[in-house]
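Trainee: These protein sequences, in sequence, are chains B and R.
For the first sequence, this note's numbering gives the first residue as 56, with consecutive numbering after it.
For the second sequence, this note's numbering gives the first residue as -1, with consecutive numbering after it.
Keep in mind that the hints are not guaranteed to be accurate.
Covered by chain R, per the in silico footprint, the following chain B stretches (three or more residues, Cβ under 8 angstroms) [what the hints assert, rightly or not]: (1) 199 to 209; (2) 232 to 239.
Computed list of chain R residues with no C-beta within reach of chain B, every gap over 12 angstroms [unchecked claim]: (3) ASP77; (4) ALA107; (5) ALA116; (6) GLY123; (7) ILE156.
Worth flagging that the hints you see were computed from the coordinates, not collected in a lab.
Glycine included, every Cβ here is placed at the ideal spot set by N, Cα and C.
Each chain, written out:
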Amino acid sequence: MRSGLARGAALGGVLVAWALVTYGNRWLGITNPVLLPTPGDVIAAAVDGLRDGSLLRHGAISLLRVLEGFGLAAGAALALGLLAGLCTSLRLALEPVLEFVRPIPPLAFLPMFLVWFGLGEASKVAFIGYTTFFPMFVAIAASVLRVDVMLLRAAASLGASRVALIWRVVVPAALPGIIVGLRLGFGLALFVIVGAEFMGADAGLGHLIMEGRTFFQPAQIVLGALILGLLGSLVNALLLAVERSLLRWQASA
Amino acid sequence: MGAPKIEIRGVDKEFKVEGRPALALAGIDLEVAEHEFVCLLGPSGCGKSTLLNIVAGFLQPSAGEVQVDGRPVTGPGADRGVVFQEYVLFPWLTVAGNVEFGPRLGSVAAGERRRIAARYLELVGLGAHADKFPIQLSGGMKQRVAIARALANNPAVILMDEPFGALDAQTREVLQDELSRIQRVEHKTILFVTHSIREAVYLADRVVVMTSAPGRIKEVFDIALPTPRDRFAAEFTRVESEITRVVKEEVAKVHE
Chain B
56 MRSGLARGAA LGGVLVAWAL VTYGNRWLGI TNPVLLPTPG DVIAAAVDGL RDGSLLRHGA
116 ISLLRVLEGF GLAAGAALAL GLLAGLCTSL RLALEPVLEF VRPIPPLAFL PMFLVWFGLG
176 EASKVAFIGY TTFFPMFVAI AASVLRVDVM LLRAAASLGA SRVALIWRVV VPAALPGIIV
236 GLRLGFGLAL FVIVGAEFMG ADAGLGHLIM EGRTFFQPAQ IVLGALILGL LGSLVNALLL
296 AVERSLLRWQ ASA
Chain R
-1 MGAPKIEIRG VDKEFKVEGR PALALAGIDL EVAEHEFVCL LGPSGCGKST LLNIVAGFLQ
59 PSAGEVQVDG RPVTGPGADR GVVFQEYVLF PWLTVAGNVE FGPRLGSVAA GERRRIAARY
119 LELVGLGAHA DKFPIQLSGG MKQRVAIARA LANNPAVILM DEPFGALDAQ TREVLQDELS
179 RIQRVEHKTI LFVTHSIREA VYLADRVVVM TSAPGRIKEV FDIALPTPRD RFAAEFTRVE
239 SEITRVVKEE VAKVHE
């Protein structure tokens, strides 16, 4: 409760500071007020966007791309991460490839995805999938690898087959790490969707922001950024709630 | 008496230590009869846990063979329940879920599973804790759950690897009492590893004393004392000191 109050106060403080700087600038005329949009400007832009439905459309398109790309990558990362965690030879084979690809900033490959998949949805979805796959794969494989061999022994001497060992021991034992990996991946997806939409997109929050630049509408840029932040914290809170309910057994009581 | 439940014949086990082979077990021959409680006793490093791991199927012997119910052991299986020193409960399952794990693998119907779990949790005195998670239990309670989990799967034999070794002295004696009481009801075939002479004399029908590296069987004692045993009876103390003398020779060798 106390920390909730403190967090509310900190957020309020930021809003007040924003208002002071921007309205202050408008009063004192230090610089062109269009460059420093006030909270009122951003709210006005939001109302406009909501009225003509464009805001909802951009948000929904971005979210759908993120969900599709993330979903594909999560499925692949789960399957391959499990396999790599369980199979030493596969892991050893993949390691050098990963070590080579991982340090390349994903955005460096974005033009490649546009060349391959065109300007439509496929390039964004594929790019998000590509970006989020590697960190999720690494986190999942590592958490599978860390599963205590004694748990496997205990289950095997209760009669568990190889398949039962995977579903009834490896997956639940690795679940905390798997969930952290998925959360990481989703955060990253929201992170790179903007970049993907800056380049060759005609809709989405990234496009909305870019449009704000093109038509010199700083309030629209700030609005797009704020919505992305809001979306990110909402999804994160949702995933944390899922995590807490799935991992009840970790809570001490 | 019928065929032995556990038959260990000519088992050797060699490990590589810094690239060089080291013999951990040499020429182990041992039979455990049905309903018999046998303790493997010896100084640390004598290979008694290695032998138990071979019977459990976690390790392969370098030579020789282990049979349980006449079938050669090739890997772990539901016919040999194992109770570990570190409990090794499944932390994501409740106490009842842990006990039901084996029956669930054996496709026992849900109602029957619950009945089995309730029965064995009652037997180990944890009837009121079925819905807790392992993290909420003390060490002694966790080991009771592990014992209930092994019993609920109704294995042919139960292998116990220093199961009370991580517990404090009081809890340890309480659990020895419990296990002795359970054995008088359940009549399981149990192979039990310990380095506590008192524990072995208190629990076992037979105590197998092993030599230090390489582990061989040094001497086997039949414990003819009536159960439940009295740790302070003159006869108990006499057996205890007799075995202590034999074990001490081995401990002394390790320190030479």
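Trainee: Which constraints among the numbered hints does this structure fail? Numbers only, ascending.
Mentor: 2, 3, 7
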